[in-house]
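The sequence shown begins at 1 in the working numbering and counts up by one.
Derived by calculation from the structure, the hints in this document are not laboratory data.
All values reported here derive from a predicted model rather than from experimental measurement.
There's no promise every hint is true.
[Said to hold, decoys possible] Derived lysine to aspartate or glutamate pairs resembling EDC-like cross-links, with alpha carbons at most 16 Å apart:
| id | residue 1 | residue 2 |
| --- | --- | --- |
| 1 | Lys-980 | Glu-905 |
| 2 | Lys-526 | Asp-586 |
| 3 | Lys-967 | Glu-905 |
| 4 | Lys-1036 | Asp-986 |
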Amino acid sequence: MSFLLVILNPLSFILYPSVYAGDWPTFRGNNQRTGFTAEQAYPPLTWAWEYPAGDIVSSPVVFEDIVYFGSRDNKIYALNARTGALAWKYSTGGWVDATPTVSSNTLYVPSMDGYLYALNRLNGNLLWRAALGACSVSSPLVLDGRIFAGTGTPEKKLKVFKASTGQLLFEYPANQPVDSAPSTEGVLVYFGANDGRIYAFNKNTFSPEWEYPTTGGRYGINAVAVSSGILYALPGYDENKPLAFNSSDGTLLNLLSGPFEESASWIQTGSPVVTKDRVYFSAGASANTLYAMASQPVEQALQYVWPSSPSLGNTSSLGILSSPAMANEIMYAGTAGGKLVSVSSAGVFAAADINILSPAYSSPAISNGMVFIGTLGGKLIAYKAAKTLSISSPGKNDIISVTVAVKGYVFYPANTLTGYTLEYSTGGSPQTWNNIISSNTIYNIEDKTLADWNTSVLANGVYTLKLTGLENPVSGTDNTAVLAVRVNAAPLAPSGLTAVDVSNDNGNQINLNWTASGSGSITAYKIYRKSADEVFTEITSVSSNTLTCIDATAVTGTTFTYTVRAFDDYVESENSNPASAYSINDSGDNAPPSAITNLSAVPGPGAGTVSLVWTAPGNDADVGTASHYLIRYTTISNYAWDSFDGAALQGSAIPVEGPAGDIQSQEIGGLFGGVTYYFAVKTADFIPNISALSNIATTWATPDIVPPQPPANLSVVDTPGDEGGSLTLTWTLSPDDGSFYNDVYGYKIYRRVQNSVYVSSIPYATVLKGVKKFIDSSASENIRFYYSVAAFDSTNNSSLSNEASCISADNWRFFDASQGASVRLPDGTRIDIPEYAASQNDRIMVSKLDPVTYQPLFTMKTNTQAKPTAIAYEVKFKNPNTKLIKPAVLTLPYTAESVAGMIEENLRIYTLSDGTWLIINTSKAHPVLKKVTAEVNHFSFFRIMEYVPSGALLNPDSVYTYPNPAKGDILTFKFLVADKSYVTVDVYNVAGEKTARLEKADCPGGVTSEIIWDIKNTASGVYVYRVQAKSASGEKSVTKKLAIIH
């Protein structure tokens, strides 16, 4: 057994990157921009897949097995990290050279079109976009609900936005463009600009902390890295050496470090890699050289580590270098000469260079044993490491409690893996490791559960998980993966919450009081509120020493319900008891705001918009500040405005932003271009007293002269699982759906029958934007209906999509139990029910399941090690009382593509039972026919999976004889082997004499096999039998007894 023990301090995980493994969610892998991950991805690398896109400068990032990157075809891509399949792509108005950042379910990335985009990372839908005022190639930093991103000319600033809305919060000016990626250690934010300066400011107050000017330096798209209180920078040019600073005050720590090249300046540098004890980086004037230095300065200088430094070829014509990325002791980097190289921490090349056929300026990403890199030739290429060791779940710095399933990857070359250990530690010196599991598995594991870790007995705090791979022969590589998590049980909830009106006030106030939580680690109490059918929303928080709060935003006359949660800086408690109250105005304020008299309306800046402007009235007539405005509009020219809340009006409420006399403006969107609208506004104070109606303002909404692009790939199928009368339509969204001023409003669905035509002004149905599915529940059976879909915006319809048609049918099939039944689908799926195998006559349905629609079913656990496919079906009787009294035969087909990378003879059918996929003991693969069959005793959900051999080859509990004692002429030996095996059965009498030897080759793994013994000429008595299984992975025997009675 071989493993290299790496000691890390788990209490430093917020600042120290080497406890990160699994995901690579941002440029350089983490917010410290260290380019290091504590997992094993050891070469050689094997090509896995590649995806064509435009020229790629953006570096890939990986989060929860999806890889994201930008391209010079103006798009952002999301691909399945294991297969390279496209999940979605999104078009911007310019090159995307910046590297995206993923946080939770949102992806953030700026574009050269001058906007910062926030996209739903799962489907690519636009959440918001914010104007940057300039082009940007700065890879954003996500920190405490804020986005930090740099801008080019003319802005030359680092800008801060609210992550949830895109609201601009702050701008930090620099003297030159800010192309670099900002970094942080948790409190200060650092960035370099093209003026050669490093800037540091406080993330909360935005106040500057320190700056450092360099001699002719320039940071470009590179990042400074921070680790263990030291900031490392590579400004390049005349500063042709690495710089190390005290990260808190900017003191230069390597003042006596000399230049690396006396005669030439570094015209190009990469971002550094920082580990526990070293700093690695590449730089040069004409030759690109990889250097290694000790991370801690000694006598005001950084010390060389390697006796000589390897060359990575030449610098690039684009002025950008691919910065190295490191997993344990191996670095990967792209070169301007079109190579992907691997270099060990000893400074030697670890494997042969890989020819990627085009220059690489994209920095690699490493995640769960995969290495991803983009090329200027327009390909995102993925490689799989020969040795992989990583913890994929829980995530980096996740907060966990009770029992958590620890999942990961243990993938070693054939016949070298001898097991793994999983341990945890709380730190200390020396560090003490506690065993969670020691496994002697010899089978590779890919994103499966390594162990269930019970944390209920552990105190709240930071813990380090360490996965160690065991191998034979010993290789000397770093066979570990390390990950920090926080164990944190939720605090106890506060109690005794009361809510009452604040007396003798002007209304709008409710007083809350509660009893403290019984937990001692509380740092705050969070107050949540809702009204009517709303959900609880946090409105404020108070310190742990405060047990009362006044809600000063409780609109008079509205009943609000409150709850309070205790918070310990990590986890909130359960809700306290709810308490309800409504505010009363005791002051007798009956003075409403004045009516608005100068409301004006003009076409807005974007398609389908109108801009309103007016002068704000006061809280009482024209004095003070009111509460909110009620905006209403209609297309009816002679509308009776006495009915201000009538159904014919649309509108919204917005808060008042300033006191009486301020100019208020509001943009109204979602209108139809070229259509005339009529607008009116009323003002409410905090009672609320409502003003009289404003003047009526009228204008038309700005037209959109360019129609949206049409949807595509329309398909129509008979709705599965119905009794007829419905068809299901699906299509690919218009490329303009979600772009810019919400260019697509929705989709119009057109339907016709044979010999009729579509009428553009009379759509059959309309759905909202973002919708790509429609069920026509009025499609009569046995009639062919034709469909086409158009996108529409504020002004135009797109051209029609392709046409598709289908006929609705009743999917239930009647069968006579006495005759049996055979139900077949066009893809080759079939269920054969023998005569009298069902308890009664009934109707039966066989349906293929869609992986997206039935995703919860697809993610449930299995009772064996298995690799799932997307091939799943449901078989059911219409009457729930109908049962199978004899087995039916299920046949499921597959294609080579659907089981790519799997061993076909190990394919099995699994059935879903109580949330677990169970292997069907009778399932059998037929690789030549591309089918899997099984006898089933009940109907349910069925799925093809690859059975992955695991555990003991032969288990005593799975070896038996039937019948026992045997009384007839036949005795059957039954056994279950873990892997494909050659099985022999030797039978001995009580004198030890062998009386029979039976054998069977190619017994499949995971299911029960049988060997039949003819015993009619065998004497009665007790016999000993030994079942021996031999497979490629070893051999195992089990000895038991049987009895024969004639």
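Comparing the hints with the structure gives:
| no. | hint | in the structure |
| --- | --- | --- |
| 1 | Lys-980 to Glu-905 | 9 Å, holds |
| 2 | Lys-526 to Asp-586 | 28 Å, violated |
| 3 | Lys-967 to Glu-905 | 36 Å, violated |
| 4 | Lys-1036 to Asp-986 | 14 Å, holds |
Consistency with the previously given hints fails for numbers 2 and 3, ordered from lowest to highest.
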